[in-house]
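J.: Sequence:
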Amino acid sequence: MAATLQDILQSHRTGRAAVVGILNVTPDSFSDGGQFLSPPQAVARARQMVAEGADVIDVGAESSRPGSDRVTAAEQIERLREILPVLAGLGVVVSIDTSIAEVAAFALDRGAGMINDISAGRDDQEMFALVAARGGAMVLMHMAGQPKTMQDDPRYDDVAAEVREFLAERMAAAVAAGVRQDRLILDPGIGFGKRTEHNLELLARVGRLCELGRPVMVGASRKRFIGQLTGQDLARSRLGGSIAACLAAWRRGATVFRVHDVEDTVAALKVAAAVENADKPGAGQP
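The working numbering numbers the first residue of the sequence shown as -14 and each following residue consecutively.
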C-alpha cells in the first residue's frame, strides 16, 4: 500500500522509506525531456510508476537541468491542465514541482498535496503564504544560484554545514510565514550547484540534515556526478549508481527518494530494509 502524505511527513520517526516518481512534462529535462510531454504519455507514465510502487508522483512543467531557461506560469499551467485531475485520482500523493505560487495554487486546486520548490520559497514571495493558507506539505531544497548558472564553478568551505545552515534558515522563514513545521521536508539539492565531491560529501553526511528534525528527500537519480564516477554518459544507463546513492543516503537517515526508476528503487529499498531488520529480536518468527 502506498504511503499517505502523513506517513511521509512522519517517516523520519518511523523509518518508512517513500519513493517519489519523477514525471517531467517538459521538452528539455536532462534525462527524459519530451518523452512525456503529451497528456496521454504523461498519464500512462504516472500509472506505470504507481503500479511499480511509487508513493508520490512529482510532476513538473519546467526543467531545472543545468543551463535551463525559466518557463512562465501560464506555460506551466497549460502543460499541467489536462493531466492533474487524472493524477489526483491515482490513489497516491501528487506533488507539484514548481517555484511559482500561481502554478502551485493551480495544482493544489486540482488535487496536489505537496509542493516541491527548488528555490525553498525564495523565487516567489507568495509561496510560503500559499502553503500556510492551504496547509499543504512543502519540500525546501538547497540550490546555489539558479538553474541557468548553478554549475558555473560552485564552491563551498564545508558543503554539509552550509547546506544545513541554509535549510535551517529556510525552515525558520517558512514557519515565521505561518507554515507548520511538521509539513516540511528538506532536500540537500544533489546536483544543484554542486561538484561531484560536494554531492558525495552531502550523501555521506546526510545525517547532519536529519538532525533538523524533518524528513530528508534525496534526488540523486541519473545525475551527472554518477556518470562522472562510472563513465556512463547516457543518463538512462545510470540505474546502478542511482540505487547506490539512494541506499547510501537511506543508511544515513534519509527516508524520501525522488527517482526515475521506481520499480528497481522500491525493490532495492525493500531488500535493504529486510537485511537491516534480519538480526533484530523476533525477526523471522511467525
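It should be emphasised that the hints constitute simulated quantities derived from the structure, not laboratory data. Just so it is clear, CB atoms sit at the ideal spot from N, CA and C, and this is done for glycine as well. Treat each hint with caution, since some may be false.
As the list claims (entries may be wrong) - Cβ-Cβ distance ranges computed for the label pairs, FRET-style:
1. 32 with -11: 17 to 23 Å
2. 37 with 259: 25 to 31 Å
3. 36 with 158: 34 to 40 Å
4. 94 with 182: 23 to 29 Å
5. 181 with 158: 25 to 31 Å
6. 25 with 261: 25 to 31 Å
J.: Look at each hint and say if it fits the structure.
T.: Taking the hints in turn, this is what the structure says about them:
no.	hint	in the structure
1	32 with -11: 17 to 23 Å	holds (19 Å)
2	37 with 259: 25 to 31 Å	violated (18 Å)
3	36 with 158: 34 to 40 Å	holds (38 Å)
4	94 with 182: 23 to 29 Å	violated (42 Å)
5	181 with 158: 25 to 31 Å	holds (30 Å)
6	25 with 261: 25 to 31 Å	violated (40 Å)
The structure shown violates the earlier hints numbered 2, 4 and 6.
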